[in-house]
Every structure is written in structure tokens, then in C-alpha cells.
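Enquirer: The numbering of the sequence shown is this note's numbering, which starts it at 1 and goes up by one.
No false leads were slipped in.
Just the calculated beta-carbon pair ranges, DEER-fashion:
1) R243 x R63: 44 to 52 Å
2) R425 x S455: 44 to 52 Å
3) E160 x S317: 23 to 31 Å
4) S183 x A444: 28 to 36 Å
5) M453 x L400: 27 to 35 Å
6) G94 x R243: 49 to 57 Å
By construction, these hints were calculated from the structure, which means they are not laboratory data.
The beta carbon of each residue, even a glycine, is placed where N, CA and C say it ideally should be.
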Amino acid sequence: MEPSASADCYNARASGAGSLLEGAPVTRIGSTSLDAVERLLVGLCRRDAGAVVATADLAQLSRKSFRNGLVVLASRHHVAGLMLVALQRHPGWGEIPSAIADDLLRPGAGGEAPGRGAPLGDGVRPSDRVRSFDALLSGAQRKDLEIERVLGRLQAEGLEPVVLKGPALRRTVYAHPVERHYSDFDLLFPVEHVDPAIEVVSAAGYAFPFSPEKLQGYRQLHFHVVLRQPRHFRAEIHWGLSRSRSPFQLDPKAFLRRSVKAPPTHAMPMRIPCPEHLLLHMAHENLRDSFSRFSRIVDVDRIVASTPDLDWDYSVSQARDGGLESLLALSLELSRELLATAVPPHVLASLRPGAATRMHLRLMQPAPALIRWWLRDVGAAGSLQFWLSAGLRRRARLLLRLLGGMQSAEGWIFRESDQAPPTAREALAAGLKSGARLASHHAALYWNGLREMTSAFRLRR
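Please work from the sequences and hints to get the whole structure.
Expert: Here you go:
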């Protein structure tokens with residue numbers, strides 16, 4: 001795999017004449033308009049942003065409210081660095097007044113930064129805050145140096161993990177350090193190497209931040225242990241890639257077996273998943289994020305674009321084995337429609353979800369839902385998991401676990417506190433509450449769908 005900027009791996013293709021912003025992006029699984037800020041962000045995240053975003057579209061940046069909205073939205077979706085690099089590469093960047101350009105690159109330098117002081121609602125975390133281009137660059141460089149230090153310690157002890165997600169993608173499919181944000185180091189080991197790896201990383205200054213009881217919970221119920229370092233670095237020591245009872249499964253042994261050496265762009269050698277597994281992993285991460293982080297869709301686009309010889313048959317086969325076919329289909333469909341990813345038609349045809357799933361995904365409107373974080377609600381997230389599960393048996397198991405409170409009973413280990421497991425009664429009550437939210441979400445979906453059908457019928461008359 002080579003960086004996506006390579007001309008050998010990508011032939012730019014603009015979608016029709018004129019500006020991308022003349023029409024709203026759509027998906028075949030639910031279509032609707034995006035607003036001007038959202039359309040510009042999507043356009044700038046395309047590999048051919050210079051061709052599809054017209055210079056005239058950048059004139060909207062003269063409005064302070066528009067700039068703030070764009071920067072905050074990009075930060076929320078972890079594509080702020082990618083967007084700023086795309087802007088600086090755009091043919092129209094030189095025509096942007098210097099004061100406006102400086103405000104984009106250094107938001108808040110002359111006053112309060114957009115979004116600062118706002119409540120951390122809707123899943124927004126302090127790490128999602130708006131940062132300057134220089135801060136993004138220095139942060140990326142510090143993380144690159146730190147993961148090389150950790151890998152060096154591990155390799156000195158004969159331990160060589162497969163580096164997952166952000167660092168692997170940063171090394172292979174993105175050209176500039178700030179284009180791929182990542183907050184932690186996900187390191188996959190064979191099961192027998194997990195305990196020695198925890199010892200080595202702990203000796204490098206990392207520690208499990210919670211109680212011994214929570215550590216035991218991670219080992220029993222999850223697929224990695226999180227270790228933190230005082231300077232805000234975080235390492236996740238993986239022995240798996242999905243919870244054992246999840247209807248969506250990734251094969252860690254296959255990831256280890258088919259891993260490859262990353263291009264030697266840094267001093268420290270690094271093993272990463274093969275492109276086919278990177279693609280499946282990012283599709284799986286979309287579900288873990290409830291399809292609320294646009295950067296995951298950008299990852300899908302860059303992986304496909306940078307791997308012209310991608311083995312689609314293997315990816316489809318692995319997706320079917322793990323119950324990921326509908327999940328992969330939605331990820332690829334969104335990537336194709338929003339970012340013009342070149343997905344072979346036969347691949348989408350082979351992954352095509354059933355009629356009931358397609359109907360519910362259309363009602364969920366996945367394109368605007370992704371950009372606007374509509375699917376992070378408990379009911380919406382549960383509905384998404386249910387309809388993307390492959391087959392009645394997986395859906396039945398998922399529903400029983402939800403209503404029986406088993407998901408809630410396991411969720412305590414992820415809360416940022418030393419909270420103990422809930423009692424059986426508390427878990428059951430939480431499960432029934434989640435079931436009520438799921439039912440309420442479906443009722444709202446059907447009601448909105450009925451209203452849209454009625455409105456369309458009236459217009460045709």
C-alpha cells in the first residue's frame with residue numbers, strides 16, 4: 001500500500017461538470033440534502049477536492065459563522081487536519097484573504113476558539129476540541145515518536161504486534177501527518193504474548209487507570225486492555241478485535257497471519273494488517289461509533305484508493321464469515337456516494353442487504369445521520385445493530401442480550417470510574433429501558449416514513 005497522494009494509485013475523477021456543492025450528496029440507502037457547511041466539508045475530504053470544490057465555493061469562508069461551523073464540524077469528525085491540508089492544496093487557497101486563512105489555520109488566536117466553552121453534550125469529548133494546524137501537527141509528531149518508542153521496547157523483548165487503525169493508516173494511506181488523527185495505539189498480539197506485552201508497556205510508563213476488578217472485567221468480557229501514560233498517551237493491548245458474543249466478528253488470527261510490513265517511512269519497522277483486513281476493521285469501527293465519525297468513511301475511501309489490487313473476493317468472504325456483510329455494504333455505499341470511492345458493482349451486489357434491512361436503512365437516512373450524529377442515541381444505535389446483523393439467529397441473540405440486560409451488565413467496565421458491576425435487577429431494568437428506547441426509535445422511524453410518503457403522494461397529485 002502506498003500513500004493515497006500517489007498518482008499510481010489514484011486517477012482523479014470529478015463527478016460531473018461544475019462544483020460538487022451544486023447538488024447535495026446522496027446515498028442509495030436513504031437520500032437527503034446536506035447544508036452548505038456539511039457539503040463543503042464532504043467535498044474537501046474527497047481525494048479530488050481541488051477538482052470538485054470550485055474556488056467560488058470557498059467564498060463562503062468569508063463569513064465568520066460559516067468558518068466556525070466548518071471548523072467545529074471537522075473537529076467533531078476528526079478530519080480537521082485533513083480538511084486544512086486540502087484547503088491549503090486547493091487552487092483557490094491563494095485567493096483567500098490572509099486574515100481568513102489565518103483564522104482557519106489558527107482558530108481562536110485573536111479571541112475565543114469556536115466551540116470552546118460549549119457543553120460536552122452529544123458525545124463531544126475534550127479531545128474533539130478545535131485545535132490550530134500547528135497544534136495538530138505537533139500532536140501528530142509526538143504520537144509518531146511515542147509509538148516508535150513503545151514498539152522499540154516491545155521489539156527489544158522479542159514482541160512484535162500488529163499495529164491497528166490510526167497509526168497503521170497514518171503510515172500507509174495518508175501523505176501528511178495531520179491527515180489521520182488518532183488518539184491511542186492499538187496493538188494486536190497472539191494470546192500468549194499479551195501478558196508479557198502488558199509488562200513491557202507498563203515498564204515504559206503506562207498503567208491500567210482503574211481498579212483491579214475492572215482489569216479482570218476487561219480480561220473476561222472485552223478484547224483488549226487499556227493502559228495510559230501520564231502525558232495523555234494511551235495503548236490498547238489487543239488479543240481480539242470484537243467481543244466474543246457480538247454478532248459481528250473479526251478473526252484476530254487471520255489479522256496476525258496475513259499482516260504485512262508497513263512502508264519504511266519512519267525509523268521503526270511496523271507490522272500492520274493487510275489492506276483487506278484494514279477495510280473490514282474500519283467497517284467494523286463504523287458500527288462501534290454508530291456511524292457517527294466521518295473519518296471512518298474517509299478511511300474506507302483511502303484504503304480502497306491506495307490498493308488497486310485489493311482482493312475483493314477475500315474481503316467479501318471474510319465479511320460473510322464474520323456476519324459483517326451488511327455492515328461492509330453500508331460503509332462502502334456511503335464511501336462511494338459521498339467520496340466517489342471506486343467500488344466494483346459486483347462487490348456491492350454480492351453484499352446487498354435484504355429488503356427489510358434496506359428499507360430501515362433508508363428510513364434512518366445514513367448520510368445525514370452520519371454527519372449530524374443522529375445514530376448515537378441508544379435507540380438508534382440499537383436499531384442500527386439489529387438491522388445490520390446478518391440473519392434471524394444473530395438478530396434474535398442480539399435482541400435477547402439487549403432486553404435481558406446483558407449488554408448493560410458488561411458496560412460497566414468501560415465507564416471512566418471505578419464503578420462496580422450492576423446488580424442483576426439493575427441490569428434487567430437497564431435492558432428493558434434500552435428495549436423501550438429501541439421500540440420508540442422504530443415508532444418514530446415509521447411515523448416519519450409515513451409522513452414523507454404522504455407528502456410525496458400529495459405532491460404528485
